[in-house]
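> In case you want the letters, here they are:
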Amino acid sequence: MKIKAQISMVMNLDKCIGCHTCSIACKNVWTNRQGAEYMYFNNVETKPGTGYPKHWENQAKWKGGWELKDGKLQLRSGSKSERLLKLFYHPEQPEMDDYYEPWTYDYESLLSSKRKKHQPVARPRSLITQKRMEIKWGPNWEDDLADGESVRQDINLKNMAGEITMEFHDLFMKYLPRVCNHCLNPACVAACPSGAIYKREEDGVVLVSQDGCRGWRHCIPACPYKKVYFNWKTNKAEKCIFCFPRLENGLPTICTDTCVGRLRYMGVLLYDMDKVKEAASEPEAGNIYHSVLDILLDPHDPAVIEAARKEGIPANWLEAAQHSPVYRLIKEWKIALPLHAEYRTLPMVWYVPPLSPITRRMEADVYLPEVHDMRIPLAYLAELFGAGNTGVVAQSLQKLLDMRLVMRCQETGEEIPQRLAEDVVVYKDMYRLLAIAKYKDRCNIPAGISAKSQDKLRELQGTCGYNCPGGC
Amino acid sequence: MKGFLYGVLPYIASTILVGGTIVRYAYFERNWTTKSSEFLSKRDSKWGNPLFHLGLLMAFGGHFVGVLVPKFVTEMGGTDEHTYHLMSLIGGIPAGILFLGGFWLLLKRRFAGSDRMKVNTSQLDRWLYLVLLITLASGMLGTLSNIPGAFDYRETISPWFRSVLMLHPDVSLMDEVPIVFQLHMVSWMLLAMLFPFTRLVHCLSLPFEYFWRRDIIYRRK
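Protein chains in written order, with the UniProt record's numbering: chain V, 1 to 472; chain R, 1 to 221.
To be clear, the hints were calculated from the coordinates, so they are not data collected in a lab. Warning: the hint list may mix true and false statements.
[Said to hold, decoys possible] Incomplete in silico selection of chain R near chain V, CB under 8 Å:
id : residue
1  : 24
2  : 32
3  : 34
4  : 36
5  : 38
6  : 39
7  : 40
8  : 118
9  : 119
10 : 120
11 : 123
12 : 126
13 : 207
14 : 215
15 : 218
Ideal placement from N, C-alpha and C gives every residue a C-beta, glycine not left out.
Could you build all of it, start to finish, from the sequences and the hints given here?
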């Protein structure tokens, strides 16, 4: 057992209103500069939809993530030598048009225009060529199902066994905020020929070394979530950094901090690093979720605590792991699920699937619906969060419904049914964390990796002389 | 003039090449990159790029043998002048065609292709492409004009190059060299001087270590 700590995030999709505050905060902090204008480390997509970049989920096109070849885990883009041949030309690399061409407007013309019969207009101008351009696509073109035709191209709809026509009577939608998943088995790291991308030992944040990056650009198609971007100005790869300067100071990421729906939760998970590959190699895609849960360790288990101490995980990190809101949502209550677990990268940003209005035919009869009567088809949610396994999604949705039932019974004085999967106390805790939790309860980030060196300093108390923490 | 071109310039060029590269790697690694433009435009990249690099590798191999291996060594190996010349043509002409053909496609996509390519083309890049074109064209023209084999560069240019390497340049060896070969000499020296400041440095970063490193890299802060 080799224990590592991972900062993880859970998003409760029930509460996402698609306001894009997270995206704008992130953009203003990290990507509002030349070469990065088109990048959204955090973006919010309307699902169904093809997303950003277009069709990012279609791995037949990008060959992103991992696959099992003769039972062995391998990058979908092929063997190492096959991939090195793509150094010269990479057929699966996305182009700017797969995202969109960034633009500004000629605002100046509003001020300098002569008196005219019609209002002056500010026409769009490309931020790449500096020429006038026609806007054909943007980072959020499909917002609220805006582009009906492209919405029907959603690969998850196509993968579903049932027929979903997206005609008016069965229309549904939900929001999906996305950041880098800071995976346990990141494909971008494995694909980088220069070894410039790495996972930080202390908190699991996946970073691109801007010195080490040589611009071979293999990380971009390799990431199945398309969350590594190519900066056309510096000619190096960039990605979401999980706001690590904030994490180091005990603060959650800026997207979490600014979320008006308060739907993001952040905290520490402990996992067994030795079993990561095994979990990612689970033969049945629908079971990867369970094999990931198996390598997330119980922070209250004395054996785990002992092993974590041996690994050098600081005391305040262990404490944070024991009071981790994400651990409760993911492992204790099992209501948070990984996005597209079938990519086998073991993503560490998790989602509580959304409940949705019940279908019209059920509306008249019941107050709380069954999970199968939801407007968003269970099979669709299973494509996103269950690797096709409807069971795990149904289980999560049922708990969310039961939580509402328990809280309703408490108000009305009705008797709570016996069939519930969990104890009543659990549902009440769930309610507290999901509905009314304060900032400190939603985010428990142990202050800084520097805390480790402070521990070391304390150990050195009383010894002779003065030494560097970590022994430099 | 010849004394400067063949006695002094090689040392200036190699100093800039080595010194500039070391300084860039040590102090400016953050801008050490392939400067890939595939993100901006894929047009003509599919064939142009692999052809160019394949031609380059072949040409590099040919130059290595032709310039660094003294004539008496190949002759001791039983290769007479005629056979050697024939072999150099059989290898060299296809290499040149691939090299120039690929380069033509790359020039086309950069200067006559997508408008977006402009943000990937600096002023220095324009100079680089010009000098590279002159080097390639003069090399190809030299090979083609010398098909009859009247001029033996292995008795002039190659010994001169080796004399430069031995820090004892013999400029007189370059007296009878045809003008097109002289152009080739000057332009490769210019190219060497441009090397540290352009995208060319990426050839030093060929990621061979990728073959023996583990998949997932963990690193401490």
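> All hints are to be evaluated individually against the structure, with a verdict given for each.
Evaluation of the provided hints:
no.: 1; hint: 24; verdict: 12 Å, violated
no.: 2; hint: 32; verdict: 7 Å, holds
no.: 3; hint: 34; verdict: 4 Å, holds
no.: 4; hint: 36; verdict: 5 Å, holds
no.: 5; hint: 38; verdict: 5 Å, holds
no.: 6; hint: 39; verdict: 4 Å, holds
no.: 7; hint: 40; verdict: 6 Å, holds
no.: 8; hint: 118; verdict: 7 Å, holds
no.: 9; hint: 119; verdict: 6 Å, holds
no.: 10; hint: 120; verdict: 7 Å, holds
no.: 11; hint: 123; verdict: 16 Å, violated
no.: 12; hint: 126; verdict: 17 Å, violated
no.: 13; hint: 207; verdict: 4 Å, holds
no.: 14; hint: 215; verdict: 4 Å, holds
no.: 15; hint: 218; verdict: 5 Å, holds
Comparing the model with each numbered hint stated earlier shows that hints 1, 11 and 12 do not hold.
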